[in-house]
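K.L.:
Given the sequences, and given the hints that come with them, work out the whole structure.
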Amino acid sequence: MPLLSLHNISKTYGETRAVNDVCLDVEQGEFFGLLGPSGCGKTTTLRMIAGLERPDAGTISFDGTDITNLQPERRGFGMVFQNYALFPHLNVFENVAFGLRARHKAKDEMRARVDSALELVQLPGYDKRRVDELSGGQQQRVAIARAIAIEPALLLFDEPLSNLDVSLREETRSELRELVNRLRLTAVYVTHDQEEAYALCDRISVMVGGKIMRTGKPRELYEQPSDVSVARFLGRNNLIKAMRVSSSKTSEGEFKTLEGGHTLHLQLSADELQPLNQPVFLAIRPEHVRVETTNGNDATPNRLRAEIREIVFGGATSMVRLDANGLALEALVLEPNGLRVGGTCHAVLPAERLSALKNA
Amino acid sequence: MPKPLAHLPLSSNRINSLRLILLLIVAAVLIYGIVYPNLTILTTSLQQDGHWTLGHYSDVLSQAGTLEAIINSIVLSVGTVALCALVGVSLAFLFERYSFPGRRLFGVLAALPLVLPPLVGTIAFIFLLGESGILARLIQSMLGLSSAPWTLRGWTALLLFHTYTMYPFFYVLTAAGLRRIDASLAESARSLGANRITVLRRVLLPQLTPSLIAAALLTFMTSMASFSAPLFFGGTVRVLTLEIYRARQRGDLSVAVTETVVLAVISLGALILFQRYEGTRRFVAAAMKGAPRPRTVIKRGAARAVATVAAVFFSLLLVLPVLTLVLVSFAREGSWTTQTIPATYGFANYARLINEPQASEVFVNSFSMAAIAAVAALLWSFSVVTLVAARRSESSLSPYWKRLISLLVLVPWALPGTVVAVSIAEAYGQPSPLLGPFVLVGTFWILPVVYFLRFMPLVVRAVQASMEQIDPALPEAAGSLGANAWRRFMRVTLPLVWPGAIAGTLLAFVIALGEYVASVLVFVPVNRPISIAIASEMRDFNLGTAAAYGVVLIGIIAIVMVAAGKLERLRG
Chain A
1 MPLLSLHNIS KTYGETRAVN DVCLDVEQGE FFGLLGPSGC GKTTTLRMIA
51 GLERPDAGTI SFDGTDITNL QPERRGFGMV FQNYALFPHL NVFENVAFGL
101 RARHKAKDEM RARVDSALEL VQLPGYDKRR VDELSGGQQQ RVAIARAIAI
151 EPALLLFDEP LSNLDVSLRE ETRSELRELV NRLRLTAVYV THDQEEAYAL
201 CDRISVMVGG KIMRTGKPRE LYEQPSDVSV ARFLGRNNLI KAMRVSSSKT
251 SEGEFKTLEG GHTLHLQLSA DELQPLNQPV FLAIRPEHVR VETTNGNDAT
301 PNRLRAEIRE IVFGGATSMV RLDANGLALE ALVLEPNGLR VGGTCHAVLP
351 AERLSALKNA
Chain B
1 MPKPLAHLPL SSNRINSLRL ILLLIVAAVL IYGIVYPNLT ILTTSLQQDG
51 HWTLGHYSDV LSQAGTLEAI INSIVLSVGT VALCALVGVS LAFLFERYSF
101 PGRRLFGVLA ALPLVLPPLV GTIAFIFLLG ESGILARLIQ SMLGLSSAPW
151 TLRGWTALLL FHTYTMYPFF YVLTAAGLRR IDASLAESAR SLGANRITVL
201 RRVLLPQLTP SLIAAALLTF MTSMASFSAP LFFGGTVRVL TLEIYRARQR
251 GDLSVAVTET VVLAVISLGA LILFQRYEGT RRFVAAAMKG APRPRTVIKR
301 GAARAVATVA AVFFSLLLVL PVLTLVLVSF AREGSWTTQT IPATYGFANY
351 ARLINEPQAS EVFVNSFSMA AIAAVAALLW SFSVVTLVAA RRSESSLSPY
401 WKRLISLLVL VPWALPGTVV AVSIAEAYGQ PSPLLGPFVL VGTFWILPVV
451 YFLRFMPLVV RAVQASMEQI DPALPEAAGS LGANAWRRFM RVTLPLVWPG
501 AIAGTLLAFV IALGEYVASV LVFVPVNRPI SIAIASEMRD FNLGTAAAYG
551 VVLIGIIAIV MVAAGKLERL RG
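Chains A and B supply the protein sequences, listed in that same order. Mapping of the first sequence onto my numbering: position 147 corresponds to residue 147, and the numbering continues sequentially without gaps. Mapping of the second sequence onto my numbering: position 372 corresponds to residue 372, and the numbering continues sequentially without gaps.
Misleading hints may appear alongside valid ones.
[Claimed, not checked] Label pairs and their in silico Cβ distance ranges:
no.	chain 1	residue 1	chain 2	residue 2	range
1	A	D132	B	F541	55 to 61 Å
2	B	P292	A	E195	46 to 52 Å
3	A	N69	B	V78	55 to 61 Å
4	B	I559	A	R182	41 to 47 Å
5	A	C23	B	E278	44 to 50 Å
6	B	I31	A	N69	33 to 39 Å
7	A	D132	B	K566	55 to 61 Å
8	A	G338	B	G193	48 to 54 Å
9	A	D132	B	V306	42 to 48 Å
10	A	E195	B	E278	45 to 51 Å
11	B	V306	A	F313	56 to 62 Å
12	A	R54	B	D252	58 to 64 Å
13	A	R340	B	R295	53 to 59 Å
If you are wondering where the hints come from, they were derived from the structure by calculation, not from laboratory data. Here a beta-carbon is modelled for each residue, glycine too, at the ideal position from N, C-alpha and C.
P.N.:
Written out as C-alpha cells, the structure reads:
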C-alpha cells in the first residue's frame, strides 16, 4: 500500500482549474518529485497535501487514513517553503523549536532535538543567532532543520532551492538528498528545474496545465517523454511532425516527415503504435543527432542530407542548426571540427533514440 | 514507519465559538456606534411631529445663511485643496529631487502641522499673525502705523491657516509617490525623444495621480470638517460645522441635525467621487525593478544659495507658530498689552496648570478618556481585522459581509467630527430602544465613546496594514509545524503585528488628547477635556495659560510620536 495517495484531486480558483483530476501514489521512503512549468498546479497540489488548501474534489489518504479535510497542524508533515518562512521575531533555536513547543515537549528533549536537527543541517552553535543575520543558504538550512525537528511523517518541499545561487544550489541539493536518505524520510519535492528533479528524485510526475502528464523514473522521462507537452517542457527536443505510413504490424514503424518528406524508421512497441496517416510528433534529443561530414554509408537508416545554417559555440558543446530539405534540426556536438556555416553534412537520427509522442 | 499523526489539543468547536463571540462584538459596536446613530439623525431630519416630511430641509435650505454656509464650506475646501496642492507638490519636487544644504532640516519639520492639534495651531496662529500678534505688532512699530497692518479674519485667514495645516498631505504623499517612480521610466522617455516638460506631463504626473487624488481627498475632508479656525478667525465667513455648533448652542436641534445630515452627505459624496475617479486612474503597478531617481545635487552658487534660503525660510515658517506658543506660554498674564512681544516672563502659567485642581483635572480627564478610547480601539481593531482578514477557508463570513464590515468601520473616518458627535448625542440623548433608560449624553462616557468612534478607523488601518505585511507563509509554516489557530495568532501573528498596532494606537491616543471639534458639542463638567480648557482660557484672555496648555499638549504629543516612531522602526 502506498504511504500517500491522491485520488482524483481537483482544485478550481474562479474560472481556472489549477489542479485537474490528479492521481498519484508515493511509496514509503520515496523521494517523489512534482515537476512542471510555473502555474502548472504543482505547488497547489503540494499545499493540498500539506492541508493548506482544501481540494474541491477527490480524496487524499495517508497511511490508509483519509486526511482530505484534516487541519494542517494535525497532519504532522514537515514543510519547507520557497521563501523559507522563518519567523523573523524568533531566533534560530526558537524557530527550530517551534513545532516542538506546539507538541509540549519537555525542555531537555526539546534542547536535544533542536541541537541534533541543527547538527544535521551543519549549523551547530547557531541557535542564538537572529534569522536575519543568516545568509540565504543558512536560512535555508534552518528551514530544513525546523521541518525535520518534528520528526515528520512526510516531508514537503516547495521549490526550496530556487532562491539560492547556482553553486550553493548544487551543494545544498546533494546534502538534502543525503539527509533525507539518512533519516529514511518520505519526501514530496516541487520544482520547475528538471535537472534538480533528476538529481534528487526517485520518481517524478510531470505536471502541465493542472494535469499529471507522465510519472516515471528520471531517465525514463528524459529519454521517452511520450507526450508532446512533456517533451516541450523538458526542452531542447527536436520535434518532428510526421505520419506513419507503413501498414505492417511489425515493431518497426515507418514515418514520413511533413517537412522535407524524409522517411524515418522507429522502433515501436505494440502499445506505442500510432494510427496510420495521422500527423504525430517524433522527438529526438539534440545530443542524439549524429552529424557526419564524411560520405559514409548511404544505406544507414534515418540518414538525412542537411545544410549547416548556424553553429553556436556553447562552451563544452556546440549547437549546430541544420536544414534537411526544409526540416529544421538541432544537433549537439562536442567539437564542431570540419563544420562550417553553409556547408553540407549528414544528420543521422538513430532509430532507438526516436520516440513517437501522443497528442499531436 | 511513519509516526502516527500528531495529536494536539485542538477543538475546532472552541475556535468557532470564539469567532462567534468576535462576530457578535463587531456587530454590536457597528450597530450601536455607527448604524443606529446615523439612521437616527437621518430619520430625525426627515420627521416632523411624527410624520415623514422634507420640511426641515426646505426650511434649512431656504434660510440664506445655511445655503451660504454650504457653499462657503465647499468653496473653502476646494480652495484649500488647490493651495495645498500648489505648495505641497512644489515643495515635494524641490526637496525630493534635489540636494542642497538645509534640505534635511525641512524634511524633519515638513509634517509638523499634521500632529499639531487644530485648536493649538489656531491659537498659535493668533499669537503670531493675529492683529495683535507678534508679526503685526512688529510691522506696526517698524512702520510707525497707528493701527495693525492687517486683521486675521475671513477668507484669507482661513485659507492661510488651512494651507499651513494641510499642505503636508500633498507634500508627504507626493514625496512618497516620487520615491516609488522608477528612474528608468523617465530615462527611457527621454531616450525616446521626450523633453523635460513632456516627461513631467506624460510620465511623472500620471504615475503620481493616485498619490495626488489621495492627498486631495484627505485635504478636502479635513477642510470640510475644520472647526477651530472658522470659530476663532472665520469672521463673517459662515461654514457648516460652525452653523451646526451655533444651532445646537441656541437649542435649534432640528436645524442642527438637518445641517449635520447635509454635511455628512457632502463628505461621503466627496469620498465616493474621489474614489471612483481614483479607480480609473490606478495603474497595475509593475514591481519596481529599478531605483528611484537619485537626487540632483545643486552645485551652482546662486541656485544653491536660493534653495538653501528657501529651505531655511520654509522651516522657519513651520516652527514659528510653535515657537510663538512657547514664548507666550512663559509670558506673565496681562503683561502683553501693546508691546511687540510680551514684556515679562516666568513659570507662573505652568505653575497654574499644576497647582489649580481644575487645571490638573482636565489633564486627568483627557488622558483617561483618550487612553480608554485608544485601548478600546486596539482591541476592537484586532477583532475586526481577524474577522475580515481571515482566509476564505477559515472564515464563516462571506466576502459580501466582510466588505460591509470594512465599509462601516471606515464611515466615522469619512464623517466630520461634528457629525459623529451630533449623531451620538441625538441617538443617546434620551432613553433609546438600544440602551433602554440609560442616557449616555451627560455622562463621563460620552466622550470616550465619541473618541473611540472617531479614531478607531486609524487603528484598524494600522493593524490591517501590519497584518498585510506578514508573509502568509508564516502562519502556514506554523500550522504545518503543529500550531493551532490560537497558537498561530499568539506566537506568530501578534508578535509581528504589535509594533505597528501600538504605533497606530499611540497616534489615535495623541489625536484624541487634543480633540476639540466633537468635544465642544457634547462635553459635560465631569469630563471637561484639555481643548475645552484652552478655549475657555482664550475667551477669558488668559493667553499665557492657554499657550501653556498648548505647549504641554505638544510636548506629550512629541514624546508619544517619538515612541511610536521607534516602534515603527522596530517593525522594519
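K.L.:
For each hint, tell me whether it holds in the structure or not.
P.N.:
Verification of the hints:
1. The beta-carbon spacing between D132/A and F541/B, approximately 58 Å, falls within the hinted interval of 55 to 61 Å.
2. With their beta carbons about 38 Å apart, P292/B and E195/A fall outside the hinted range of 46 to 52 Å.
3. Our hint of 55 to 61 Å for N69/A and V78/B holds, since their Cβ atoms are close to 57 Å apart.
4. About 57 Å separates the C-beta atoms of I559/B and R182/A, a value inconsistent with the hinted range of 41 to 47 Å.
5. At about 47 Å, the CB distance of C23/A to E278/B agrees with the hint of 44 to 50 Å.
6. Take I31/B and N69/A: their Cβ atoms lie about 35 Å apart, and the range 33 to 39 Å holds.
7. Between D132/A and K566/B the Cβ separation comes to about 18 Å, which falls outside the hinted range of 55 to 61 Å.
8. Taking 48 to 54 Å as the suggested C-beta distance range, the pair G338/A and G193/B conforms, at roughly 50 Å.
9. At roughly 44 Å, the beta-carbon separation of D132/A and V306/B lies within the given 42 to 48 Å, and the hint holds.
10. At about 47 Å, the beta-carbon gap between E195/A and E278/B stays in the expected band of 45 to 51 Å.
11. A beta carbon spacing of about 59 Å between V306/B and F313/A agrees with the range 56 to 62 Å that was offered as a hint.
12. The beta-carbon spacing between R54/A and D252/B, approximately 60 Å, falls within the hinted interval of 58 to 64 Å.
13. For the pair R340/A and R295/B, the supplied restraint of 53 to 59 Å holds, since their beta-carbon distance comes to about 55 Å.
Of the numbered hints stated above, those contradicted by the structure are hints 2, 4, 7, listed in ascending order.
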